[in-house]
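**Student:** Dock chain U against chain Y, hints included.
Okay, here's what each chain looks like letter by letter:
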Amino acid sequence: MAVLEVRGLTVAYGDHLALNEVSLSVEAGQVLGLLGPNGAGKSTLMGSVVGAVRPRSGTVRVCGVDVASRPRRARAHVGYAEQDIAVFPTLTVRENVADWAALSGLRSRELAGAVARTLSALLLDDIADRQVRTLSGGQRRRVHCAMATVSRPPLLLLDEPTVGVDPATRRAVLDHVLTLAAEGAAICYSTHYLPEIESLDAEVVLLNKGVVAARGAVATLLRRYGRTVVDLRLGGDSGEVRTVSSAVEGPDDLPAILQGLGPDLARLSGLEIRRSSLDEVFERVVEDEEGALDAS
Amino acid sequence: MRRELSVAGVLVAHEWRVQRRDLVPQLILTVMPLVLMAFLLPTYQAAMAATGEPGTGAEQAVAGLSVMFSMFLVSHVGMVFFRDHGWNTWNRFRATPVPVGVLVLSKAVVPLGLLLAQFTVLISAGALFFGLRVKGSLAALALVVLLFAACLVALGVLGFAVCRTVVQMTSAANILAITMAGLGGALVPQSLLPAWAAPVAPATPSYWAVRGMREVVSTGAGVAEVAAELAALAAFAALFSTLAVVLLKPDQRKISWS
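Read top to bottom, the protein sequences are chains Y and U.
Under our numbering, read the first sequence as residues 1 to 296, first letter to last.
Under our numbering, read the second sequence as residues 1001 to 1258, first letter to last.
Chain U extracted, bound-state conformation:
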């Protein structure tokens, strides 16, 4: 176990060294929602007022847009693994004694950290520039974000497991991100979703993430009040992880960019 932890530490440090050389995608996915927040704040304020919800609009803008843009990082998680196929380094890793579970988990730690950083920046910027007030428990908010980020990382690994080519993976991830964001109430408040979407929305992790964040921010919820949202997000993370473990064939040749 100690040996595995030591190897995991080396792999996380290595992965960070690789990723920090190109943080432009993360930067874009962090700046873009801030720009959209500025544009959409009045619209969200009007939408919330129309449905009788109190607030400045920042509650929906920050929760919805941070959830939506975090979902675009799913393809980035899959890319972490496809990249190793493009560089032939996946085979190189596989020729070492490192267990595949340790390899995958260690490599996934860095995108998890980047997702958490993205949420932190967006929520902080929301508070600083758009008047967001977190009425509830910060711990509850952190737990919602952490579990949702875990869902997304697991989904990214699942994408790597089931797709044979990098193009398949990025296309599927982007379509999934927009669909889940729409259904989950990240684009418009959940109360404004069409009637047919209401029963479908809970089948997406984004629904529980937006709902959990809104509960904490707007109604002052604590951990106990968002227990259902946390449980749902944990269940999604467990489901995606299990599917990834079952479907991942470590020695399957993937087609990356070369």
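Chain Y with its partners taken away, still in its complex shape:
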């Protein structure tokens, strides 16, 4: 049984369809990467899972519990770190995390163990007894994430959990997510940093304008939507190097591309043939989808 099952979910704000017939599921131990441009519907989808957003139609089930008819029971299975940081600035890091652990039913030694483990995983040990108001934005973001994960719920909704954090702490957050998934949590992870999705080896659902534009494993998406790209490095008069990238169908296209450089061909200092990155796949799918939507 899927931990999270969304079927035909449609959410509207007035006339605007924020989500249109979205279906997806997340199994235990799986990380689902939710991708999409701003306003694609990622946060609305997560809000629907905790019952904060009322759908026009469709169903959301968490651990088999229907969110619409039994929202509180469904929420008991969810840890949610929404996009906006939600912490208690006058409490210490430890108090924030411990209070949330207690609220989810953990007590005494079990609570202390869960808090210690989570603080350590998110590199918060050293600042555990500082008031949150004295912390940087990135540190607050980690506290926010720790509160959602401390009780190890079956389903985790992490909405852009690495915004504003430095590379080292981003790595810590990603490692924490991978650990939780290895322990059996189903994780819905929204981000704009596509390399994170590759590091998490996540299944991807790409949302655009409220509809699922593409889905699948990263490798599958790269295979399906990726193209061969030629990067041409051109040297300038003052020693600077610029790179021109062109998508090609195959090696036969190469002469035409080189010819297209014209007089710049003399400046060619290097050439690399590679597959599209996930960023490029993302841009391509969004462009194609918008073209299709505009055409319709």
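Treat the hints with caution; some may be incorrect.
Said to hold, decoys possible - What follows is a list of derived Cβ distance ranges for each label pair: (1) Y/Arg-109 x U/Gln-1168: 45 to 51 Å; (2) Y/Pro-195 x U/Leu-1239: 31 to 37 Å; (3) Y/Glu-198 x U/Thr-1242: 54 to 60 Å; (4) Y/Arg-274 x U/Gly-1101: 54 to 60 Å; (5) Y/Pro-37 x U/Thr-1242: 29 to 35 Å; (6) Y/Asp-126 x U/Ser-1124: 41 to 47 Å.
Claimed, not checked - Here are some chain Y residues the structure puts well away from chain U; computed CB gaps all over 10 Å: (7) Ala-2; (8) Asn-20; (9) Asn-38; (10) Val-50; (11) Arg-73; (12) Ala-86; (13) Phe-88; (14) Pro-89; (15) Ser-104; (16) Ala-112; (17) Asp-125; (18) Tyr-193; (19) Val-244.
FYI, nobody ran anything at the bench for these hints, they're computed from the structure.
Treat the numbers as computed from the prediction; the structure is a model and nothing was measured.
Yeah, the Cβ is synthetic: ideal placement off N, Cα and C, and Gly gets one too.
**Tutor:** What follows is chain U alone, placed relative to chain Y:
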């Protein structure tokens, strides 16, 4: 039920942890009436003598000023909830399985406790420094204070329910506090209120609170003697609570300081 009680315990402890970091507003609202008591005691004594009421003036000073300054805590009660909107933690609470009723009641327990503490300090200080003698039953006095504090907490939650912004709530609460204090006889003895105010005064909980406290302190009343005051305060508390329950939309976005 046991689970709800356990969650409520966690929430009360959490709310206390948050509030104890900044008790300055409560301190100010406790010290200020003490300062005013010292200043106004002779005036109240003269006013009471002019109307033929026996006493040192402390009866009116302590009852009136403690009621008036407790009413300024109404905005503090509303702030408990607006603060969660400012910190985005209201949504965080709403994404948990905690029922909204348990959440609101638990968070309201701490300001209720602070109100009771404020009354206790003011009445004790009145006895120690201003010659207040409680002639009647302490239980009756405690019941009047408890029910009035419950009214104020319910009024604070109602303020949170009906106001969209924190500025609306604090402005309304402060105006309401001064109006109710004036009409209820907290500023001047009820016998000195203008004739037009007499029929309006019973429509305020402060009137019943001051009257109940004065009855216990000055005339030696017990619980039975202040039954009408207790009933009126209970009715106000029930009315404000019912309105708060009906009008509170838990998922309505409020505008706090951010």
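**Student:** Give a verdict on every hint.
**Tutor:** Going down the list of hints, with the structure as the test:
1. The hint said 45 to 51 Å for the Cβ distance between Y/Arg-109 and U/Gln-1168, and at roughly 46 Å that hint holds.
2. A hinted range of 31 to 37 Å is violated for the C-beta pair Y/Pro-195 and U/Leu-1239, which are about 59 Å apart.
3. Hint check: Y/Glu-198 to U/Thr-1242, Cβ distance near 56 Å, so the stated range 54 to 60 Å holds.
4. In this structure the hint that Y/Arg-274 and U/Gly-1101 lie 54 to 60 Å apart at CB holds, the actual value being about 59 Å.
5. Restraint check, Y/Pro-37 to U/Thr-1242: a C-beta distance of roughly 47 Å breaks the suggested window 29 to 35 Å.
6. In this structure the supplied range 41 to 47 Å holds for Y/Asp-126 paired with U/Ser-1124, their Cβ-Cβ distance being about 45 Å.
7. No beta-carbon of chain U is positioned within 10 Å of the beta-carbon of Y/Ala-2; the least distance is around 20 Å.
8. Taking the minimum C-beta to C-beta distance to chain U, about 22 Å, the non-interface status of Y/Asn-20 holds against the 10 Å cut.
9. With a minimum CB-CB distance of about 19 Å to chain U, Y/Asn-38 clears the 10 Å threshold, and the non-interface call stands.
10. The Cβ of Y/Val-50 does not lie farther than 10 Å from every Cβ of chain U; its closest approach is about 4 Å, which violates its non-interface assignment.
11. For Y/Arg-73, the non-interface assignment is contradicted: its Cβ lies about 7 Å from the closest Cβ of chain U, within the 10 Å cut-off.
12. Residue placement check: Y/Ala-86 does not keep its beta carbon more than 10 Å from all beta carbons of chain U (closest about 4 Å).
13. Its closest Cβ contact with chain U, about 6 Å, brings Y/Phe-88 to no more than 10 Å, contrary to its assignment away from the interface.
14. With 10 Å as the threshold on Cβ separation, the claim that Y/Pro-89 sits away from chain U is violated: the shortest Cβ distance comes to roughly 7 Å.
15. Remark: the non-interface label on Y/Ser-104 conflicts with the geometry, its nearest Cβ contact in chain U lying 7 Å away (cut-off 10 Å).
16. Against the 10 Å criterion, Y/Ala-112 stays outside the reach of chain U, whose nearest CB is about 15 Å from its own CB.
17. Separation of Y/Asp-125 from chain U is adequate, the least Cβ-Cβ distance of about 21 Å exceeding the 10 Å criterion.
18. Distance to chain U confirms Y/Tyr-193 as a non-interface residue, since its nearest Cβ pair spans about 22 Å, more than 10 Å.
19. With a minimum CB-CB distance of about 45 Å to chain U, Y/Val-244 clears the 10 Å threshold, and the non-interface call stands.
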